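Chemist: For the record, the sequence lines run as chains A and B. Heads up, the working numbering is the position in the first sequence plus 47, with the first residue counted as 1. Heads up, the working numbering is the position in the second sequence plus 47, with the first residue counted as 1.
Calculated directly from the structure, the hints in this document are not laboratory data. Among the hints, a few may not be true.
Since the list gives no way to pick one copy over another, a pair counts as held whenever it fits inside one copy or between any two copies.
Cut-off 30 Å, straight-line C-alpha distance, at most; resulting in silico cross-link-like pairs (DSSO-like, lysine-lysine) [to be verified]:
#, residue 1, residue 2
1, Lys358, Lys62
2, Lys271, Lys53
3, Lys89, Lys274
4, Lys53, Lys216
5, Lys89, Lys383
6, Lys383, Lys123
7, Lys344, Lys51
8, Lys89, Lys344
9, Lys53, Lys130
10, Lys383, Lys51
11, Lys271, Lys62
12, Lys358, Lys51
13, Lys123, Lys53
14, Lys51, Lys327
15, Lys344, Lys53
16, Lys53, Lys292
17, Lys100, Lys358
18, Lys274, Lys216
19, Lys108, Lys327
20, Lys344, Lys271
21, Lys51, Lys274
22, Lys344, Lys130
23, Lys123, Lys358
24, Lys89, Lys130
25, Lys383, Lys62
26, Lys292, Lys89
No experiment lies behind these values; they were computed from the predicted model shown.
Protein chains: 2
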Amino acid sequence: MNLKEKIRQQATEAKQAAGHLARCGTQVKNNALLAMADALGKQSDFLIEENAKDLSAVREKGLSGPLLERLTLSSKRISEMAKGMREVAALPDPVGEILGMTRRPNGMQVGQMRVPIGVIGIIYESRPNVTADTAALCIKSGNAVILRGGSEAIFSNKAIASILESVGKESGLPPHSVTFIETTDRQAIFELLALSDLIDLIIPRGGEGLIRTVVENSRIPVMKHDKGITHTFVDASADMEMAQKIVLNAKTQRPATCNALETLLVDREIAPVFLPILSKQLQEAGVQIRGCPDTFKLLEHVALATEEDWKTEYLDLILAIKIVDGIENAMAHIAKYGSAHSEAIITNDHSHAMRFLNEVDASAVFINASTRLNDGYELGLGAEMGISTSRIHARGPMGLEALTCNKFIIMGEGQVREG
Amino acid sequence: MNLKEKIRQQATEAKQAAGHLARCGTQVKNNALLAMADALGKQSDFLIEENAKDLSAVREKGLSGPLLERLTLSSKRISEMAKGMREVAALPDPVGEILGMTRRPNGMQVGQMRVPIGVIGIIYESRPNVTADTAALCIKSGNAVILRGGSEAIFSNKAIASILESVGKESGLPPHSVTFIETTDRQAIFELLALSDLIDLIIPRGGEGLIRTVVENSRIPVMKHDKGITHTFVDASADMEMAQKIVLNAKTQRPATCNALETLLVDREIAPVFLPILSKQLQEAGVQIRGCPDTFKLLEHVALATEEDWKTEYLDLILAIKIVDGIENAMAHIAKYGSAHSEAIITNDHSHAMRFLNEVDASAVFINASTRLNDGYELGLGAEMGISTSRIHARGPMGLEALTCNKFIIMGEGQVREG
Chain A
48 MNLKEKIRQQ ATEAKQAAGH LARCGTQVKN NALLAMADAL GKQSDFLIEE
98 NAKDLSAVRE KGLSGPLLER LTLSSKRISE MAKGMREVAA LPDPVGEILG
148 MTRRPNGMQV GQMRVPIGVI GIIYESRPNV TADTAALCIK SGNAVILRGG
198 SEAIFSNKAI ASILESVGKE SGLPPHSVTF IETTDRQAIF ELLALSDLID
248 LIIPRGGEGL IRTVVENSRI PVMKHDKGIT HTFVDASADM EMAQKIVLNA
298 KTQRPATCNA LETLLVDREI APVFLPILSK QLQEAGVQIR GCPDTFKLLE
348 HVALATEEDW KTEYLDLILA IKIVDGIENA MAHIAKYGSA HSEAIITNDH
398 SHAMRFLNEV DASAVFINAS TRLNDGYELG LGAEMGISTS RIHARGPMGL
448 EALTCNKFII MGEGQVREG
Chain B
48 MNLKEKIRQQ ATEAKQAAGH LARCGTQVKN NALLAMADAL GKQSDFLIEE
98 NAKDLSAVRE KGLSGPLLER LTLSSKRISE MAKGMREVAA LPDPVGEILG
148 MTRRPNGMQV GQMRVPIGVI GIIYESRPNV TADTAALCIK SGNAVILRGG
198 SEAIFSNKAI ASILESVGKE SGLPPHSVTF IETTDRQAIF ELLALSDLID
248 LIIPRGGEGL IRTVVENSRI PVMKHDKGIT HTFVDASADM EMAQKIVLNA
298 KTQRPATCNA LETLLVDREI APVFLPILSK QLQEAGVQIR GCPDTFKLLE
348 HVALATEEDW KTEYLDLILA IKIVDGIENA MAHIAKYGSA HSEAIITNDH
398 SHAMRFLNEV DASAVFINAS TRLNDGYELG LGAEMGISTS RIHARGPMGL
448 EALTCNKFII MGEGQVREG
């Protein structure tokens, strides 16, 4: 069997599994997730051994630092992975939820029922924990999952997936509910992306290059996660202490994330008072500032920002600052340069708060809070499959509900279509 | 400017319009729709003149019958089109709806707000009323729309769109809220489908060929409408009179539609009593029957069904009938041959009703009602942009809500991300 045939066969088996998994009871799914979590913990030594093969291969290629760190499975990381699976087991089952039923004039009752999407393909890089995290969310939401991890973590991913597959089967999940693509041949990605008759949704998890490859080659709907050029606008009416606290958190708490602050917009009215204090705090936290000409004049130790800075996702301890003339100006800057990911206003003016909330286009819009809170756990989804920047199906953090769709349900007493 | 540049420019202008339209008040949108409806009525003569050019071109090509009929704009059809626009104006505005807000442990309030998708491209064939119907739904839901109709209706579509465009502008809608692609060059479709940076969603409306072309060539998410291989299962416990009424309606009320019945499944227990009466009624209504071997033995004037019949969407007064051994057997047949469009059970057994409702995979699942009711108006959506057979974003009849997405909204008092 060649690669194309092999991948098609695996997807066909996954589709069969999906039909059964959609009707699987909550208890069966939860027990399987708990058993998987236990098995990951018990087989820590095996997982660490397999992970060592990946680490030495990566080291031989001369890689080190953050990549190596992200790739490493320690027993702490393995128990975190297991804990994540147990948390998903504890979440309410989204499948079968009925979203209201209303009675039509002809007497029939009409509602919608949440059902699984079917087969979900996850194409990911680096961190082996994605294998367990995403499989747990797919199983809980009644979807069969096909996992295609990066070659740098192939031994780790294969080891994790083999545990999930075998424990799943023992726990009564339909066979092939979890499918792992074992080959590191990159062609496998393209074969998967062509199978629109078998796979219902593709979720890429990784860097810009991977996401672009997936979006450009997929015949299957893709929920994608783009970069975040994230703004916070400090309005003239802002509580300055609150604004300082939020800006520092948004920029420095974890600067390499998509919801970290990249460009700060400050109302001209309060800039002379607010910015000198803030810049001192930022500089103490190791943040380099690149300011617009007005900011450059106002502050010391600041570089002059270029047009390029407004378009840049630094993912680093660098902050662009622009002084603006009021909310209109701030929202225009966000509309022009933002990536519609996470946007915040700090204000005590109610009409400004409401305008920002209603008019700013982003996956999450914040009043008086840090953009770092754009996260499935923080927003109460209980778990997260990345943050969608798509404008259809799901936008913002994707929890279990984002892995379902709705079917219409109709209960009648003999109603027919007239005229 | 060549075609590629021209289409890109039009889409760029539509995207600019979308930014403004998203913030347009309900009153402005409603007034524009009402003014458009009035203008269509007042310019009936112009529309009928332009339509005559399409009709004569089509007649010259030797076409006649249903295609010609569907293409014809009469003053009755024009007032129906205008009435449709007024009905959309009367619907509640979906934009800005807040879907519940809950308080997180840290005190911030989190909810979701319905917002427009952005720019929607409609690629359609034949009936010129689609121009007005789809534009109305897009405008009401705050989306800019790019219309690309078929060459056979080019004069009619251009005339309708020119009225919508000019009246829209006069009524205060942002310029380019409605864009019509004037060329009949088929390449324009491919140029549109490539503009994933400018167009957010593509909705094809037309035959299988058009939909396939769009799905296979689009870099933009597509909400598609596939064929309906629709079943009704008459359970042993069914009220036979109700079952007859529903089956006759589902098959004969408008057989050329996707939600019309194609294969009837009857429980073996009641087949000998039920089928002879039903087949007489069906035959009186002009329906040809193709039966499984058991049906063939039981009934007169029936052809023997082949494997192909179970896979066929007749869209005609032909019905395939299969006698099955209970609900399990019926659901297995539906899972194997159905197209997940519209599926019904006629039963008085509660556990059978609930199993069918929960387990059958379709855009709409009916208990004791005709599948012909799978329709936006009948299910209470107030209007309809086709029936989606996609499994993401929207499934079943698409109303105004299907043309929106949700953004997360967060109201805080200084909350930041910890740990």
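Chemist: Does each hint fit the structure? Answer for all of them.
Modeler: Each hint, compared with the structure:
no.: 1; hint: Lys358 to Lys62; in the structure: between (42 Å within a copy, 19 Å between copies)
no.: 2; hint: Lys271 to Lys53; in the structure: both (26 Å within a copy, 29 Å between copies)
no.: 3; hint: Lys89 to Lys274; in the structure: neither (37 Å within a copy, 50 Å between copies)
no.: 4; hint: Lys53 to Lys216; in the structure: within (21 Å within a copy, 56 Å between copies)
no.: 5; hint: Lys89 to Lys383; in the structure: neither (52 Å within a copy, 41 Å between copies)
no.: 6; hint: Lys383 to Lys123; in the structure: neither (43 Å within a copy, 46 Å between copies)
no.: 7; hint: Lys344 to Lys51; in the structure: neither (62 Å within a copy, 45 Å between copies)
no.: 8; hint: Lys89 to Lys344; in the structure: neither (61 Å within a copy, 62 Å between copies)
no.: 9; hint: Lys53 to Lys130; in the structure: neither (33 Å within a copy, 55 Å between copies)
no.: 10; hint: Lys383 to Lys51; in the structure: between (43 Å within a copy, 24 Å between copies)
no.: 11; hint: Lys271 to Lys62; in the structure: both (22 Å within a copy, 20 Å between copies)
no.: 12; hint: Lys358 to Lys51; in the structure: between (40 Å within a copy, 27 Å between copies)
no.: 13; hint: Lys123 to Lys53; in the structure: neither (36 Å within a copy, 58 Å between copies)
no.: 14; hint: Lys51 to Lys327; in the structure: neither (59 Å within a copy, 51 Å between copies)
no.: 15; hint: Lys344 to Lys53; in the structure: neither (64 Å within a copy, 44 Å between copies)
no.: 16; hint: Lys53 to Lys292; in the structure: neither (54 Å within a copy, 49 Å between copies)
no.: 17; hint: Lys100 to Lys358; in the structure: neither (40 Å within a copy, 50 Å between copies)
no.: 18; hint: Lys274 to Lys216; in the structure: neither (38 Å within a copy, 35 Å between copies)
no.: 19; hint: Lys108 to Lys327; in the structure: neither (42 Å within a copy, 77 Å between copies)
no.: 20; hint: Lys344 to Lys271; in the structure: neither (40 Å within a copy, 55 Å between copies)
no.: 21; hint: Lys51 to Lys274; in the structure: between (32 Å within a copy, 28 Å between copies)
no.: 22; hint: Lys344 to Lys130; in the structure: neither (51 Å within a copy, 61 Å between copies)
no.: 23; hint: Lys123 to Lys358; in the structure: neither (38 Å within a copy, 54 Å between copies)
no.: 24; hint: Lys89 to Lys130; in the structure: within (13 Å within a copy, 67 Å between copies)
no.: 25; hint: Lys383 to Lys62; in the structure: between (43 Å within a copy, 12 Å between copies)
no.: 26; hint: Lys292 to Lys89; in the structure: neither (43 Å within a copy, 61 Å between copies)
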